[in-house]
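**Student:** Full structure from sequences and hints, please.
Protein chains in written order, with the working numbering: chain A, 6 to 769; chain B, 18 to 155; chain C, 14 to 511.
Hints may be right or wrong, so weigh each one.
[To be verified] Once the Cα atoms are required to be at most 25 Å apart in a straight line, the calculated DSS-like pairs of lysine-lysine come out as: (1) A:Lys49 to A:Lys761; (2) C:Lys43 to A:Lys548; (3) A:Lys618 to A:Lys548; (4) A:Lys296 to A:Lys367; (5) A:Lys429 to A:Lys367; (6) C:Lys371 to C:Lys311; (7) A:Lys296 to A:Lys207; (8) A:Lys104 to A:Lys207; (9) A:Lys48 to A:Lys484; (10) C:Lys370 to C:Lys311; (11) A:Lys484 to A:Lys532; (12) A:Lys618 to A:Lys532; (13) A:Lys548 to C:Lys459; (14) C:Lys370 to B:Lys77; (15) A:Lys296 to A:Lys532; (16) C:Lys119 to C:Lys65; (17) A:Lys761 to C:Lys43; (18) A:Lys759 to C:Lys43; (19) C:Lys43 to C:Lys370; (20) A:Lys484 to A:Lys296; (21) A:Lys49 to A:Lys68; (22) A:Lys677 to A:Lys759; (23) A:Lys759 to C:Lys437; (24) C:Lys65 to A:Lys68; (25) C:Lys43 to C:Lys119; (26) A:Lys761 to C:Lys371; (27) C:Lys311 to C:Lys459; (28) C:Lys65 to A:Lys548; (29) A:Lys548 to C:Lys437; (30) A:Lys720 to A:Lys618; (31) C:Lys370 to C:Lys437; (32) A:Lys49 to B:Lys77; (33) A:Lys484 to A:Lys548.
What the hints contain is simulated information worked out from the structure, not anything from laboratory work.
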Amino acid sequence: MLTLLSIIFIAALLAPFVHRLCPKYTGAILVTAPIAMVIWLLKKIPEVGHGHPVTESFQWVEKLDLELAFHLDGLSLLFALLISGIGSLIVLYTQGYFKGHPQQGRFMMYIIAFMASMLGVVLADHLLLVFIFWELTSFTSYLLIGFNHNSPDARNAALQAMLVTVLGGLFLMAGIIMLAGAADTWRLSEIIQRGDVLLAHKNYLPILILVCIGAFTKSAQFPFHFWLPNAMQAPTPASAYLHSSTMVKAGVYLLARLHPALGSSEEWTLILTTIGTITFLLGAIMALGQKVLKRLLAYTTVSALGAMIMLLGVGTSYTIKAMATFILAHAFYKAALFLIAGGITHETGGETSVDKLGGLRKAMPISFACAILAGLSMGGFPPFFGFVAKETWLHALDHYPLLVGATVIGGAAYVLVGFAVGFKPFLGKMPAELHAHEIPLSMRFGPIVLGLCCLAFSFFTGSIGHNLVQPAATAIVAKELEVHLHLWAGFNKAFVISLITLMIGIGLYCSRSFLVATAGRLGVLVKFGPDAAYQFLLNGVLKFAAWHTRVLQTGILRDYIRVTVLTTVALVGAALVRAGGFQRWENLAPVSIRIALVAILMISATFATVHSKSRLRSILSMGVVGFCMAILFTFFGAPDLAMTQLVIETLTVILLVLAFHHFPPFRHGSKKRTRATDIIIAASVGITISLLVLAALHVQTPTPVSDFYLEHSYKEAHGRNVVNVILVDFRALDTLGEITVLTIAALGAYALMKLKPKKEEGGE
Amino acid sequence: MTSIILRTSTRYMFPPLIVFSVYLLLRGHHFPGGGFVGGLFAGSAFALYALAYSVSDARKAFRQDPRDITAGGLAIALLSGIPPLFSSHAFLTGTWWEVPLPMGGVLDVGTPLIFDVGVYFVVLGVLLTVVFALGEEE
Amino acid sequence: MTLLPSLPITIPLAGAVLCMLFRRNIRAQKGIALFTSFLILLTSLTIFASTKDGTIAVMNVGDWPAPFGITLAIDMLSSVMLLLVGLLAVGVSAYACFDLDEPRMKFGFFPLMLILLMGVNGAFVTGDLFNLYVWFEVLLTASFILLALGGERAQLAGSIKYVTLNLLSSALFLAGIGILYGMAGTLNLADLAHLVKDGARGDLLTMVAIMFMMAFGIKAGMFPLYFWLPASYPTPPAAVTALFSGLLTKVGAYSMIRMFTLVFDSDPEFLHGLILVGAGLTMLSGVLAATAQYEMRKILAVHIVSQIGYILMGLGLFTELALTGSIIYLAHVIIVKTNLFLVAGAVNRLKGTYDLKKLGGLYSERPGLSLLFIISAMSLAGVPPLSGFFAKITLIIAGIQIESWAIVVVALGVSLLTLYSMTKIWAYVFWKPAPEPLPDLDPMPKGQWFVFLLPMVGYTVISIAIGVFAGPVFDYASEAAAQLMNPQAYIDAVLGGV
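**Tutor:** Here it is as structure tokens:
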């Protein structure tokens, strides 16, 4: 599996080059990669069908227990086949759709990379690996939705889809890490055997909620559904592929996968059924009033995803069978309709509105034929596969009358959409301004194959049920079950409801113009919808960020210093308080008079520095502080330091005087109030540090390293002047560093004085 | 700024200052002094010269570009760490040679002393780079 | 060892001295700088090879036994940092040779850059507290001058803020050293750790630790001490900013990790708790500040703050896995962030601006550059399987493992906002058509353009490689983290089992 996946990833990387080398056959060349996958998967059907999953595992990151582990069971197989099968058709379709487009190569790259990622999601057996691929699908989806990058709508939709799905992804990340912790393994195939442990675990509910949020955002469940219709900004091949038949089903897949682990609780049923049903109905109802081809389809996709979650939430083996069947049916008719819709728009010069289309049957007969097949399957008309799915579904919901009611409403909406997309553009009179021709060969494969499947599957229900649906359902339920699909299950209750649904649907279609008008009038409601909430939230965060930055980054150095200093004082103070305050006054060495005198002189000089009204006086007073320091050094027996200090002080004064006439006139910039604050802040720092130093004095030092220096200075370092020996021998590396500092300081001073920006450049 | 008194006294002060700075450098290992202070003294001497005469005169008197002296000093300090490597001691290990003097007695010469010479030149060069540049700014 | 551990310091110094001696010959300086950078990389590779089995490379400078002389000690964390410096040195000096203006080169860019590298390397190899201070001074001086070099108004305003706040850090650092020396009578880190473990000076030690936390916090750009960073980083040329972004704050973070695993590990509840709170606020504040910006360099610059938050998060959580995450994050962010600044520099070179609102259309015009940007940007945002993803998820797992929920929530939220601001750059600079057509200021021939992009290609490949070869990377990082969590080996190696 890894090999095949890698081949598809490599195909994606090569796509731009292939496109450059032979632009006419890009699709044909690249499609070989997914087709190889399809063939391999088809060959595995018997094996997997008999309950022998195919597994594969390679070590990746040992310390994280991350393995490239793959596991192909019935559920994975069903999804993987859809992904690679429809993917192959999409790649071919893209060839025609983007004929002559300069960025076709990039589009191919993105969509094939997406395909590989999506296959990864459904094949991976390691939770982290699932997550890695999951995020990759979000990312490739971003690039695909924003493909028409010159359009601001496309860019915003891309961002929205990405933010919503990645937000969900983060919840999911937390969820899976907790899940793995609770189950004590990252392996999905092991996790699903530990349902009892998980159910009893204290983190069960948080895990469930986190995983659900992740799945719901990806699968566009209420209240996160809004990104999906907006994502229709993507080029049609991407919409058909990602946003109807594959990526959006990742959430459904994940929940189905985890059903054995998390599924047998009331919370599960409650959350999934409620959210699923709401989404199912909401999507269906919203679809009724849509005018744009792709949005009609998008809302029914939302609805269909809701239905899958709903069926999964109910969680009986019947509903799960129904779900698996519906996934299959939906993938075919929806992808086909998308591709046909894309073809119509493509061949009519960009027309997207249903109501401006008509009479295309003559110009586009092949598309029309496919559209009929897919549209009727979507509506659930016998003998199409959509009908089979709908029958199974209704049959499974036998004991849930409310959900049956919902299904009738939803199903009716599907009929409307099936007609609106499958028939409306082709029938009636062709508007005069419309020019159309049939889609090119490469774009025909998809609709034809998918459309035919919508019909043909109905006549192989036994085989489909046995080979695809049954293994998938078995994997979801995690126990043996038998699936028998029937095209004709007899004249039973389900059939009657089906008929009623169809009739309501046809009725709705006839009153479509009224529905569209009503939807237009209700458009104001959008202001209160989740899409508006998203905007509100995003703007709120941006506003908060701007406010935060204004308040914190004032651009005034004084503020920065204050914050820095106060933080330090506060935290050191907190530690001081935590240590029970300062209690060690005793034991200080007596202060001699000469030291006291020097100290007083220093303090007064400091005050003079701060207070003086002229710069020269400040400099001189500062010099006094320095000289006092030198005196202190001599008191404590460090003549070297004293000497150096003296020379340095002298030179500082000289340099400052030299630099004097470059300075602007002297003035006190600060107000009295700020000075008062500054005094308090400065004093607090001084006190804190002094307290710390005093406290430190009381610690008995074992034997300071300086003793060693005194002892070894002459004996081993050939020098009587310990200070100098420290500088050039014991700690010569420090000195090397310091003279480097001096060197570059000179270099810098020189450069700053000599290198001035050219006038005309101004601020670069 | 140029006064006769300053010039004259500088002329007499200058050579002793330089000699004193070298003296400080050399005695540093045993008595207060060392490359740092020595360099500062030497630099001050040239700074004084620049004050008394002019920066360009001081530059002429100095002959070299002070930046080269700085870099050279740094190079000396760095290189002084290398000899001990040949006797498989660590970088910057003090290595000493006893050089017999012609008049009898021995001179203790070691890499730390060479290091200190480097320091001397760096300090001198740095000081003059800045002083000259500042002085030329008018 | 008598030489190897000191080479990361001496080689760049030698290169710098040579550059200074060849003051007037820019071509020679370029050659020296490039050659020295390669030597730095080579040295770090050698050191990396000799320490990757967990050996701690110790060298007593001047052959004075520890704790009396200055000891250089390179453990796995140090050697991976050295390696990153080497990688950075090569790429950035190549970029600078290509991109930097003549006057800046003439006035000492190359020696300053090499000395900056020397300071950074020194900080990573030293096992001595005061020596660490010296290297901080070296890199502070060098970086200050690099910031101001050119003397443009914005540069000067930024560098004044930079130097003032960083001097504050130095003052705190020095005061802390003084107090600690007064308490312990030693400056050798291992010896300090040794004494701290023996003695019962907990309260005072905690207070001193906070001074160090502040000193390093300023350097690292921790909240609320990071103001110098957004004020100064976006002002110098791209090569300088790239170098800074890769190195300066990371030295602060490194020192914080070193000190708070080796010396100040006696009161983790309070100290590491404090670091964790700081980490959360840092990542949040940084990313919010980035969200509010509409200038490519500014966005990237304040994002550094946010990423420092992640690095410190690992230290705050203070488990082996968390430190593993920090180390990977360090490596990841050094490479990726530097690269993003280089790409931003390339954009500026082409279009003459960093302004998001004026830029546009680069996706169609420059697919190669776009690819380099999007990979790095997504890596920063944590999109798998790039380097950022592994760094981030490790920290998240570590957080969840010890049920430190608040920081996990913050870290996850911040990563969403990171994604937002990265896609903002992408959408504005690359996707959006330029509001007014911007002609290429520097239409390079294809070959030259490729050479120009080469360092960026290299860093992008490294970022991908960290993800693809996450196995060995993790093995290494978790060994390094284990060394940090069990400092006895370090202490023994330095003190010879005293």
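**Student:** Now, for every hint given, state plainly whether the structure supports it.
**Tutor:** Okay, the hints, checked on the actual structure:
no.	hint	verdict
1	A:Lys49 to A:Lys761	74 Å, violated
2	C:Lys43 to A:Lys548	46 Å, violated
3	A:Lys618 to A:Lys548	45 Å, violated
4	A:Lys296 to A:Lys367	23 Å, holds
5	A:Lys429 to A:Lys367	13 Å, holds
6	C:Lys371 to C:Lys311	15 Å, holds
7	A:Lys296 to A:Lys207	49 Å, violated
8	A:Lys104 to A:Lys207	56 Å, violated
9	A:Lys48 to A:Lys484	24 Å, holds
10	C:Lys370 to C:Lys311	13 Å, holds
11	A:Lys484 to A:Lys532	47 Å, violated
12	A:Lys618 to A:Lys532	63 Å, violated
13	A:Lys548 to C:Lys459	43 Å, violated
14	C:Lys370 to B:Lys77	55 Å, violated
15	A:Lys296 to A:Lys532	19 Å, holds
16	C:Lys119 to C:Lys65	40 Å, violated
17	A:Lys761 to C:Lys43	22 Å, holds
18	A:Lys759 to C:Lys43	21 Å, holds
19	C:Lys43 to C:Lys370	35 Å, violated
20	A:Lys484 to A:Lys296	45 Å, violated
21	A:Lys49 to A:Lys68	33 Å, violated
22	A:Lys677 to A:Lys759	38 Å, violated
23	A:Lys759 to C:Lys437	40 Å, violated
24	C:Lys65 to A:Lys68	16 Å, holds
25	C:Lys43 to C:Lys119	11 Å, holds
26	A:Lys761 to C:Lys371	28 Å, violated
27	C:Lys311 to C:Lys459	30 Å, violated
28	C:Lys65 to A:Lys548	48 Å, violated
29	A:Lys548 to C:Lys437	16 Å, holds
30	A:Lys720 to A:Lys618	54 Å, violated
31	C:Lys370 to C:Lys437	11 Å, holds
32	A:Lys49 to B:Lys77	91 Å, violated
33	A:Lys484 to A:Lys548	53 Å, violated
The structure is inconsistent with the numbered hints 1, 2, 3, 7, 8, 11, 12, 13, 14, 16, 19, 20, 21, 22, 23, 26, 27, 28, 30, 32 and 33, although it conforms to all the rest.
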